[in-house]
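Participant: For reference, the chains in residue letters:
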Amino acid sequence: MALISVEGLATGYESRLLKDDISFTVEEGSYLCIVGENGSGKTTLMKTLLNLIEPVSGQIRMNGLTHKEIGYLPQQTDVQRDFPASVKEIVLSGCQGRCGMRPFYSRAEKKLAADNMERMGITELKDKCYRELSGGQQQRVLLARALCAAKKVLLLDEPVTGLDPRAAMEMYEVISGLNREGMTIIMISHDIEAALKYATHILHMGSNIFFGTREEYVNSDTGRFFLREGGVQA
Amino acid sequence: MINTLIEYLRFPFVRYAIIVGVLIALCSALLGVTLVLKRFSFIGDGLSHVAFGAMAIAGVLNISNEMLLVLPVTVVSAVLLLKTGNNTRIKGDAAIAMISVGALAFGYLLMNIFSTSSNLSGDVCSTLFGSTSILTLTTREVVLCAVLSIASIIIFILFYNRIFAVTFDESFAKAAGLNTEGINLLIAVIIAVIIVLAMNLVGSLLISALVIFPALSAMRIFKSFKKVTISSAVLSVVCALSGILVSILAGTPTGSTIVAADVVCFALCCAAGVLRGKI
Ligand SMILES: Nc1ncnc2c1ncn2[C@@H]1O[C@H](COP(=O)(O)OP(=O)(O)OP(=O)(O)O)[C@@H](O)[C@H]1O
Ligand SMILES: [Mg+2]
Chain A
1 MALISVEGLA TGYESRLLKD DISFTVEEGS YLCIVGENGS GKTTLMKTLL
51 NLIEPVSGQI RMNGLTHKEI GYLPQQTDVQ RDFPASVKEI VLSGCQGRCG
101 MRPFYSRAEK KLAADNMERM GITELKDKCY RELSGGQQQR VLLARALCAA
151 KKVLLLDEPV TGLDPRAAME MYEVISGLNR EGMTIIMISH DIEAALKYAT
201 HILHMGSNIF FGTREEYVNS DTGRFFLREG GVQA
Chain B
1 MINTLIEYLR FPFVRYAIIV GVLIALCSAL LGVTLVLKRF SFIGDGLSHV
51 AFGAMAIAGV LNISNEMLLV LPVTVVSAVL LLKTGNNTRI KGDAAIAMIS
101 VGALAFGYLL MNIFSTSSNL SGDVCSTLFG STSILTLTTR EVVLCAVLSI
151 ASIIIFILFY NRIFAVTFDE SFAKAAGLNT EGINLLIAVI IAVIIVLAMN
201 LVGSLLISAL VIFPALSAMR IFKSFKKVTI SSAVLSVVCA LSGILVSILA
251 GTPTGSTIVA ADVVCFALCC AAGVLRGKI
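Read top to bottom, the protein sequences are chains A and B.
The opening residue of the first sequence carries number 1 in this note's numbering; numbering runs sequentially from there.
The opening residue of the second sequence carries number 1 in this note's numbering; numbering runs sequentially from there.
Everything labelled a hint here was simulated from the structure, so no lab data went into it.
Don't take each hint at face value.
Below are the DMTMM-like pairs computed for lysine to aspartate or glutamate, each with C-alpha atoms no more than 25 Å apart in a straight line [as the list claims (entries may be wrong)]: (1) K68/A x E170/B; (2) K226/B x E109/A; (3) K223/B x E124/A; (4) K128/A x E170/B; (5) K83/B x E54/A; (6) K223/B x E118/A; (7) K174/B x E158/A; (8) K38/B x D127/A; (9) K151/A x E170/B; (10) K227/B x D127/A; (11) K152/A x E170/B; (12) K83/B x E14/A; (13) K278/B x D82/A; (14) K227/B x E132/A; (15) K278/B x E132/A; (16) K223/B x E109/A; (17) K227/B x D115/A; (18) K174/B x D78/A; (19) K226/B x E181/B; (20) K174/B x E69/A; (21) K174/B x E28/A; (22) K126/A x E170/B; (23) K227/B x D78/A; (24) K38/B x E132/A.
Covered stretches of chain B, going by a simulated chain A footprint (3 or more residues, C-beta under 8 Å) [said to hold, decoys possible]: (25) 157 to 165; (26) 172 to 186; (27) 222 to 234.
For glycine and all other residues, C-beta sits at the position ideal for the given N, C-alpha and C.
Pulled out of the complex, with its shape left as it was, chain B reads as follows (with noise of 0.2 Å):
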């Protein structure tokens, strides 16, 4: 078993695809705290129906880099998601429901109507749920996917005081001077993108699990804003790389995989949390 490890490990392609599985992982843990205390965890998942109904467009028109087309829908869906929601709470839920599930037929009508592609629901199937292995991925999707994660990484790290000044309490920063619209803007779009590239790693069902499983298993332990969101960097780099090197020894679906070590971690951090609190 080991030596599979080590010979697959050999392509540097292989090293590459484990590369970006783990930046991608690191970025939505990241951002997945800030989502779910704010409660736009139903954003991420509305977005990454709009992902797949992209994704089916792009595939129709033939377009050979989908990004281009799916990156931008998403970002500005994701900022239209947001205007809504912020308005009225209601409303915007029933926007996102409305959009996301929109999206999510069209796409499949589309594909439908229009694949020429001889395995449609086997198509369909790596859309929802991620290629069957990340090792599909192209050099040029892994050189994007490594650029914008470790953008988002840095535009994080470096926004981090004023993301939980928003995250915390909104009308004190806002009051403070503090530009809050701006703020939510800019989780807004790194959401977006963190879901596009998320896509190619666990396919756009899963990619709610992604984001929101660390945080929420990090919340179960530590209870400060920085603990939870270091910490939960760690567990879904630790899940997302178990997850790939199951995958490729075992031969399942990567993104399951992932999503399974991240259920499996929650799981043992409930069991701490509570074990925690008798001591």
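Next comes chain A alone, as it looks inside the complex (with noise of 0.2 Å):
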């Protein structure tokens, strides 16, 4: 059974129609890729995932998996001027889906901060403000955070806009070693090389969409067109 399946989703805002016929399924432990062009419906897809815009219809299944065992990096985090947080902080929060009814962080998850910040090289800024930090090192906080908060699933929406060719290589190592251990990945990614480079599974979000094995995607009409286009040797 597949941890999530989707059959026949339409997206949208307000019930104005973005995209129908999205259907997928996601393996445990495997590595989906989401490619596109810029308003494909990529973001909106993976915010209908996660519950925080309704489907306009369609289906959503998740077996054996619920939203507290869910890690996600947003596209985008508007935090307001002037908002007192320090990085630890920032971090600590995405184990709150560990505590279930418990009020307070227990050693075991202030311990998981811990790594996942000594893991995304943060634990120097670990008292800083995030609003006094750079674009790329709060790229890295909420990365941290999301890491805290994945017991099962990872959903990334483009996870190295903004971080050094170095950091970002080392952010796909520690994604694809995260799946190796057997965490699943979803991510959404204009970097097609990575994509087709670490992915299992290809969701290509364009005029027509394509789902199926990174194989299948590289030998399919859409993305031999689409690898041509970005310039890709497949």
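Dock chain one against chain two, each of which comes alone in its own frame, and use the hints as you go.
Facilitator: Okay, here's the thing in structure tokens:
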């Protein structure tokens, strides 16, 4: 049984249709990359999966998975000017889903937050104010928070935006390492090369929607056309 | 001067009043941080006017314990305002302006038409700006205030982490399976309770100051949520305490004295923030 199965899903805002007939499945332990042009509805799809916006129609079924086991990295987080929040507080807030009814974080959760800060290389920044970090540093903080929340599935909306090339490489390695440990990954990316390198499945959002394994994508018409435009040799 | 103070403090009732004042200041500062950061300050303002209107109605109906009417009315309005405010920002703002001004006008109208009191403007003035002295609270009010404010503080502490998560990034919190609507509702209810309580202390026009100033002052100096929350609580308690003591000694109105102390404190914190930035 697939972990997440989406059937005939239509996404949109306030029942204004954006994209319909989206169907795909995500198996446990797979690595799904969502690609497609700007404005093709990738972020909207991810938000619909997370139940942040209502689907216009269709079904999303989750098997043995609750929202508390999902880590999420938004494409944009508009934090207000002057919001007083330290890096440590933000990363720790990713453990919220693990707490259940418990009001405070356990020692294990604090350790998890510390480990994830170490993993993202932001341990020295832990007492800094989030608003005073650079864009790339902020991105790492939010990634560390998503890692704290992810028990089974990690949803990433353009995770390497704003990271320098080395940090981006490291980021991909961290994600693929997690995937090898059994974490299911769903990632939106414009970096088609990385997508082909790491992903097991590809969902292409465009005028026609393609879903299949990486090999099927490379050999499909949609895939060949998109790859040629992107100048990638497959 | 000290002697006068000691003399006053000999009455247990004065001591209780001071304790209640401090408790109210404490919980309004705690929630104030969230209110300011969630851009809910305007809700606080609207609610205080609703509470004023409810108070006037309670007076007209001759309800002996006004709280019994004022509290539920304010809580319900808080929930409604939050709902409209969440859907569409601009409409929410307009709704609040309408409700708050409407409640204010109706409250005054009712008081004017039905008032049996000989000192109408005095009554209105004390509802708007707080009683001239916190010492006029009845024992029952003191007990109610103490119980409700302690309950609010306990709830705030228990929900602290969740309140932070919802305040910092609501959509992440929701995606992580947190019941964000529930938490928002809780925040709204506690705010309504605090506003009703604070009405006794500073009156309905000055409540926003009590809620907002300590948080803004603390944000000038500190950069983490925990530090801001704790320091705004401390600042608020210090200001309330000094305000109450000064008002007892100098015979000034309690509410305005406390708010004046808050303003001075804010100015000092601004200066401190600027100095800190220079170093
Ligand atoms: N809150 C919103 N309300 C109404 N329409 C929206 C909203 N957010 C996005 N849209 C519209 O939905 C469409 C898809 O947006 P979406 O953010 O899903 O694109 P995307 O595929 O993630 O693009 P990108 O690669 O630029 O991130 C766009 O045409 C956009 O104008
Ligand atoms: Mg997007």
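Participant: So, against the hints stated earlier in the document, which numbers end up violated here?
Facilitator: none
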